[in-house]
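Peer 1: Kindly produce the complete structure, drawing on both the sequences and the hints.
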Amino acid sequence: MGIEQKLGESGIVTARLEDVVNWSRTNAMWPMLFGLACCAIEMMSAQAANYDMSRFGMELMRPSPRQSDLMIVAGRVTRKMAPVLRRLYDQMPDPKWVIAMGDCASCGGVFNNYAVVQGVDEVVPVDVYVAGCPPRPEALIHGIMTLHEKIHKDKLKDWA
Amino acid sequence: MTDLKEVSYEEIRHLVSDRAFSGETVLLNMGPQHPSTHGVLRLLLELDAETVVNCIPDVGFLHTGIEKNMEAKTYQKAEVMTDRMDYMNPVGNNFTYCLAVEKLTGLDVPARAQAIRVILAELTRIASHLVWLGTSALDVAAMSVFLYSFREREQILDIMELVSGQRMMTTYFRPGGVWRDVPVEFEPAVRAFLDIFPRRVDEYEALLTKNPLFLDRTRKIGVISGEEAINWGLTGASLRGSGVNYDVRKVFPYSGYEQYDFEVPLRSEGDVYARYLVRVEEMRQSLRIIRQALDTLPAGPFRSSNHKFTPPLRSEIGVSMEALIHHFKYWTEGFRPPVGSVYVATESPRGELGCFLESDGGPKPYRVHFRTPSFDNLQVLPKLGKGHLVADLVAIIGSVDIVLGDVDR
Amino acid sequence: MNEKLQPITQALIEKFSAAPQEFAGETSLVLAVESLSAAAQALHREFGFELLSCITAVDYWPQEEPRFHLIYRFTSVSQALALTLRVPVSGISPAAPSLETEYRNANWQEREVFDMFGIRFEGHSDLRRILMPADWQGHPQRKDYPLGYEEPQYTFNFDEIAARKPFAARE
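Protein chains in written order, with the numbering used here: chain A, 1 to 160; chain B, 1001 to 1409; chain C, 2001 to 2171.
Take every hint as true, because none was put in to throw you off.
Chain C residues, not near chain B, derived (Cβ > 10 Å throughout): (1) E2003; (2) I2013; (3) F2016; (4) S2017; (5) L2029; (6) S2037; (7) A2038; (8) P2062; (9) P2066; (10) G2118; (11) G2138; (12) D2144; (13) E2151; (14) Q2153; (15) N2157.
Taking lysine to aspartate or glutamate pairs in the EDC-like style, the calculated list, with each CA pair at most 20 Å apart, reads: (16) A:K96 to A:D127; (17) B:K1250 to C:E2003; (18) C:K2143 to B:E1071; (19) B:K1250 to C:E2050; (20) B:K1386 to C:D2126; (21) A:K150 to A:D127; (22) B:K1077 to C:E2150; (23) B:K1383 to C:E2100; (24) B:K1073 to C:E2150; (25) B:K1364 to C:D2144; (26) C:K2143 to B:D1360; (27) B:K1383 to C:D2126; (28) B:K1383 to C:E2102; (29) B:K1073 to C:D2144; (30) C:K2143 to B:E1358; (31) B:K1073 to C:E2151; (32) B:K1077 to C:E2151.
Covered stretches of chain A (in silico footprint by chain B; criterion: 3 or more residues with CB under 8 Å from a CB of chain B, positions within the stretch not fixed): (33) 35-43; (34) 46-56; (35) 69-80; (36) 100-114; (37) 130-143.
What the hints contain is simulated information worked out from the structure, not anything from laboratory work. Ideal placement from N, C-alpha and C gives every residue a C-beta, glycine not left out.
Peer 2: Structure (structure tokens):
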């Protein structure tokens, strides 16, 4: 297929280290199971057979933060839950990314009151915001592909 | 924002046995983020090796302040928040709220709107039971059922999108009827679903009902008797699995349910297996109701014509002065119901969903309270789980079918 | 439904001097807080109301006496009846007897009313907060508790909010 043509006689391929590392990071990103509310059901629909997420390598949803790379905050984060969220984020090893799925995670959504944190970016740094209430599974997949594009643009001097 | 406090022994001293303090039993936190708790539920387990001695639920991680927030919005705008409480059954929440507003204002609902409401409510019941089946089978490690049930759910969500434009949080039901009439493609789409679904339910039963592994994990687990269940406030399929025949659609019928012929499945063992059988049979009975409602769908208006409380059709605004005035007042100020309070109950897939609505004559609800079934269903969990293994506790949580948005509101 | 309920409401009015209220075709009874326990026991044991559907409260601030009305909804499954009771509670150290021994699900329902309104229930085995974090101050659903509305930052008020909250102006 692709690489064998370029191999030639010696079996050596040259590429930029940046590209190879970014490509490997995007291709098997394991999400952490962080479904809180209604967006979690759309995340489960995106995981199921119709809008398959395992084509992106994300079939394995790890409940343990120590084994996951991506935290998809799906649902409203309340003030009681916010410290738990921060602790789980801190327990994830680098490199890690956060997708704020849905309106409640992005900006507080419909709920502007004493109990809901207005946007999960008050607690953790967010890479991609996916809008919708709840966002369609295709919107979530579009958010994941946007995250992949963002990672492809990562520079060596930022993570080395 | 509060910091994470460690739970001190003093706070829970009255809830755990003395063996915890002597070190014989272990206090384990089954935290808010857990794959089997179906949402953000925190359970403090007191374990003697693997057996649960005590189980203390800690809820409130999804408390959104919906009831107080609804007091700050007008009646129409507040309905949007009701979808997001029990997010597996958004149509049912709208239904209860609309019935409460209609009882408060004395609004009539035309027969066509009632039949459409029944069809969509039963479709949502099937969708909710499908998710329950998929996730609770996933908890007892029958993983393929999850993928199959979500395949059917996609078809139901397509019907919802056809009717209202939104897959889940439709807010399609409005006080006085529904938002707009169903399109022409609605009936063929529902009939296509009715044709394929009975065989699919047979497939799920073939996978699980006589499976010896499933039977071992669900028989005689989490048993509760009928009188205890109703004393604990358990309602819905969990109550009917223990032999008490309480289905709000039969006992306090609403929206034309009395004209449809359906049975309420009842079992007497009161264990996880009985609750499973009751819910699978409920899916079949919902199909019966949908078929009857679709066959007898009457023609007519889809919304009440009492324009004090419902908006007029856009086409009338250009020709009628009253329609213009009603439209203007409805969307700027809102409508003013009479002073008083009502309580309306419907049957959600989880149990009795009730709405207590009090009005002080203004355009905003003075007090809204939802009696959500999962709140009381979860209260029984410590009693059901005592003496079982942790793995059985997971099966029990799945069988009680809680949704944390419903518990915490 | 009202015909079967008539003898029961009549009995309660006579025994506990309750006041009936009619609205939307249903009768609800207003009861004094001292007779609540006895009335609930009568409903459970004599009249066959097995299910306590819900306990909630309404806050009538700034009216001080009575400030709260506790609402109890009882359902009888065997007779297909339902009844609402209203119990006025004063605003100064609000308290009411607990129904936990009669109806077990009153446990969490009363904890929620305590959490949201601050009404103490005497005889409750475990009265602590249930929905809010354990160290939260205040009772959110009271009318004098603010909603906690945060003003969203649009383009027309960008600078005013940026002056007040420098971290929100990041976007």
